[in-house]
Amino acid sequence: MLAKLLKYEFKATSRTFIPLYIVLLVFAVINRIITPEKILISSNSFIIKDILAVVGITLYIGLILAVVVVTLIIMIQRFYKNLLGNEGYLMFTLPVQSWKLIASKVITSLTWSVLSFFITITSLVIVIGPKNIVSGIRDMLAFIQKSMGGAGFVILPIYGLLAVVSSILTVFTAIALGQLFSRHRVIASFGMYCAIYAVYQLLMLLYMLLVGNNIAPTFLKGTPSIWDLNLFSLLFILFECVRISINFVITNKILKNKLNLE
Amino acid sequence: MNNILECRNLTKTFGTLKALDNINLDIPRGKIIGLLGPNASGKTTFLKICNGLLTPSSGEITIGGYKPGIETKKIVSYLPEKTYLNDWMKVSDIISFFRDFYEDFNTDKAYDMLGKLGIRTNDRLKTMSKGTKEKVQLILVMSRESQLYLLDEPIGGVDPASRDYILDTILRNYNENATIIISTHIISDIEKILDEVIFIKQGNIVLNKTVDEIREENQKSVDSLFREVFRC
Amino acid sequence: MPWEVNPDRPIYLQLAEQLELKICSGVYPLGSRLPSVRDLAQEASVNPNTMQRALAKLEEDGLVYTNRTNGKFVTENKDIIQKVKGKIAQEQVKNFLKKMDELGFTHTEILSIISEILRGGKQ
Numbered sequence: 001m002l003a004k005l006l007k008y009e010f011k012a013t014s015r016t017f018i019p020l021y022i023v024l025l026v027f028a029v030i031n032r033i034i035t036p037e038k039i040l041i042s043s044n045s046f047i048i049k050d051i052l053a054v055v056g057i058t059l060y061i062g063l064i065l066a067v068v069v070v071t072l073i074i075m076i077q078r079f080y081k082n083l084l085g086n087e088g089y090l091m092f093t094l095p096v097q098s099w100k101l102i103a104s105k106v107i108t109s110l111t112w113s114v115l116s117f118f119i120t121i122t123s124l125v126i127v128i129g130p131k132n133i134v135s136g137i138r139d140m141l142a143f144i145q146k147s148m149g150g151a152g153f154v155i156l157p158i159y160g161l162l163a164v165v166s167s168i169l170t171v172f173t174a175i176a177l178g179q180l181f182s183r184h185r186v187i188a189s190f191g192m193y194c195a196i197y198a199v200y201q202l203l204m205l206l207y208m209l210l211v212g213n214n215i216a217p218t219f220l221k222g223t224p225s226i227w228d229l230n231l232f233s234l235l236f237i238l239f240e241c242v243r244i245s246i247n248f249v250i251t252n253k254i255l256k257n258k259l260n261l262e
Numbered sequence: 001m002n003n004i005l006e007c008r009n010l011t012k013t014f015g016t017l018k019a020l021d022n023i024n025l026d027i028p029r030g031k032i033i034g035l036l037g038p039n040a041s042g043k044t045t046f047l048k049i050c051n052g053l054l055t056p057s058s059g060e061i062t063i064g065g066y067k068p069g070i071e072t073k074k075i076v077s078y079l080p081e082k083t084y085l086n087d088w089m090k091v092s093d094i095i096s097f098f099r100d101f102y103e104d105f106n107t108d109k110a111y112d113m114l115g116k117l118g119i120r121t122n123d124r125l126k127t128m129s130k131g132t133k134e135k136v137q138l139i140l141v142m143s144r145e146s147q148l149y150l151l152d153e154p155i156g157g158v159d160p161a162s163r164d165y166i167l168d169t170i171l172r173n174y175n176e177n178a179t180i181i182i183s184t185h186i187i188s189d190i191e192k193i194l195d196e197v198i199f200i201k202q203g204n205i206v207l208n209k210t211v212d213e214i215r216e217e218n219q220k221s222v223d224s225l226f227r228e229v230f231r232c
Numbered sequence: 001m002p003w004e005v006n007p008d009r010p011i012y013l014q015l016a017e018q019l020e021l022k023i024c025s026g027v028y029p030l031g032s033r034l035p036s037v038r039d040l041a042q043e044a045s046v047n048p049n050t051m052q053r054a055l056a057k058l059e060e061d062g063l064v065y066t067n068r069t070n071g072k073f074v075t076e077n078k079d080i081i082q083k084v085k086g087k088i089a090q091e092q093v094k095n096f097l098k099k100m101d102e103l104g105f106t107h108t109e110i111l112s113i114i115s116e117i118l119r120g121g122k123q
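Residue numbers (the working numbering), protein chains in the order written: chain X, 1 to 262; chain P, 1 to 232; chain H, 1 to 123.
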């Protein structure tokens, strides 16, 4: 059933994302053609070619912003509109468990977030040219190797993914909590999001101090050892796992037992 | 299992509002039943509880022996008052959606009924009028071979010809192992196809009889009796 | 002949009467097979169970019988049909006479009105 839900989620969302990605990449190519690297360095002449280049770059940046915003909006919309709007009458009368509905949204949102990120990077490579980007990436990889060793290449991506899942779920939980109110649900959701965010920031700070003091003392002293950095990151992975679990359980409980569609 | 639905002391409160007050019902199989009452009498609340869209405050309800949940959703086909279809879909998309999730969905029947209305598989829901979308939803619901059909206001706000079409579709898809519960406040058109009627007033059941019993005992139609019972 | 259902009497009784009429007038001839309950119900836009009740009443009265093959058939007994026809005729006349009585006509006046209309019809 989860697979079927994913099929329809992707069907519903790819109609927006695929064209957007294509437009972004096309614009990247256009910018590559009309804006060779040299133009990005300031020059004194002010001819049509330069104006075109500036317009091109502006539009390109606009498109990147659009990708970011659209990824966020679609994520919210799929949860809010599809589950809690009129479509909820369809979704919640399907013979599927509510946790699968949540999971399908999380997985697709995660996928699009990651894809949006990589497509954006790809478009940057197209516009700026591989040399700068590749050397930048190489530097970053070397840095990770130096500070965290080989384990860093496993731990950091995992943490990154978990952090994205965690943010997605926090939004969902906030929307679900907003549903508990009989009126002004949207404002309540915003309020809930701020509240949850604040709580987790506080908890994270406390956790960091706790871990810093007791488990990985070298971390707070400014020269963390490889071991401590890895340990620290692992503990943060644990933090995110707990956070994800709590959010998931709360959201599921609300959708299962406290659902009240308009 | 002779009754498809049984509920005991079913109550639902929203804050201080008691939407359903101690409902006791035994609904047999193979009947077409009218759940009749004015707006805000508790009809939609009751149907939502049957579907698992709301949880009871107290009391219990079983459908086919199960509490509302995944097992009941497999055997209950629900037509809500709202349009729940997503505009971007084509007819073929929504049909494969239903086929994917519901084992009892009869694809041929659905295409047959849609074809008779002149709706083609590649039509987008976005291009359809509200009335047509409502008919599509009805067709989807009636194409499932379920044990309990719950139709919430299927003929409200619909022109007379469409009303006839809807009632005809309901009769056509009737099968003696399934029960259809129609919730409505427009009674005269629908009286002839009902076996039994349940009057619900402010969350309470005030009457539960067959149509012919009402006509024999009262020498008037259900419609007239309704006007009496619910006089403002 | 479209089916008529009036609001104030039990539906199954009205259906039974109209089925009787159709049988007596030959719409469903002697010995013929009746359409299925579902089809009849569909035609009349009524609940199949109600139509079933109407047919059950006709079976009680002997106008209709159920075959092993699960179809319902009109009786082949002409006498029963005649009796039912006679019963319908009597009811119609009684209703007519009641109305005429309310209007204050005497029996002689009623008979002459009838002859006049019948004569007019033949021309």
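Hints in this document: simulated from the structure, not taken from any laboratory.
Positions of the beta carbon are idealized from the N, C-alpha and C atoms, including for glycine.
Careful: at least some of the hints might be erroneous.
[Claimed, not checked] Chain P stretches covered by chain H per the calculated footprint, using a threshold of three residues with CB under 8 Å from any CB of chain H:
(1) 29 to 36
(2) 124 to 133
(3) 160 to 174
[Unchecked claim] Below, in silico cross-link-like pairs of lysine-lysine (BS3-like), each with a Cα-Cα straight-line distance of 27 Å or less:
(4) P:126 / X:81
(5) X:258 / P:82
(6) H:99 / H:78
[Unchecked claim] Computed Cβ-Cβ distance ranges for the label pairs, DEER-style:
(7) H:8 / P:172: 39 to 47 Å
(8) H:65 / P:202: 20 to 28 Å
(9) H:71 / P:108: 20 to 28 Å
(10) X:250 / P:176: 42 to 50 Å
(11) X:257 / H:67: 38 to 46 Å
(12) P:92 / X:150: 31 to 39 Å
Hint-by-hint comparison with the structure:
Taking a C-beta to C-beta cut-off of 8 Å, the region 29 to 36 of chain P contributes 3 residues in contact with chain H, enough for the three needed, and the coverage statement holds. Figure legend: the region 124 to 133 of chain P, annotated as covered by chain H; annotation inconsistent (0 residues with Cβ-Cβ distances under 8 Å, at least 3 required). With 6 residues having a beta carbon nearer than 8 Å to a beta carbon of chain H, the region 160 to 174 of chain P meets the requirement of three or more and the stated coverage holds. Note on residue 126 of chain P and residue 81 of chain X: the hinted pairing holds, with a Cα-Cα distance of about 17 Å set against a maximum of 27 Å.
Between residue 258 of chain X and residue 82 of chain P the alpha-carbon distance is near 20 Å, which keeps this suggested pair within the 27 Å criterion. About 32 Å separates the Cα atoms of residue 99 of chain H and residue 78 of chain H, which puts this hinted pair outside 27 Å; it is violated. At about 28 Å, the CB distance of residue 8 of chain H to residue 172 of chain P disagrees with the hint of 39 to 47 Å. Restraint check, residue 65 of chain H to residue 202 of chain P: a C-beta distance of roughly 49 Å breaks the suggested window 20 to 28 Å.
At about 26 Å, the beta-carbon gap between residue 71 of chain H and residue 108 of chain P stays in the expected band of 20 to 28 Å. Take residue 250 of chain X and residue 176 of chain P: their Cβ atoms lie about 45 Å apart, and the range 42 to 50 Å holds. At roughly 55 Å, the beta carbons of residue 257 of chain X and residue 67 of chain H sit outside the given window of 38 to 46 Å. At about 50 Å, the CB distance of residue 92 of chain P to residue 150 of chain X disagrees with the hint of 31 to 39 Å.
Going through the hint list in order, the structure does not satisfy hints 2, 6, 7, 8, 11, 12.
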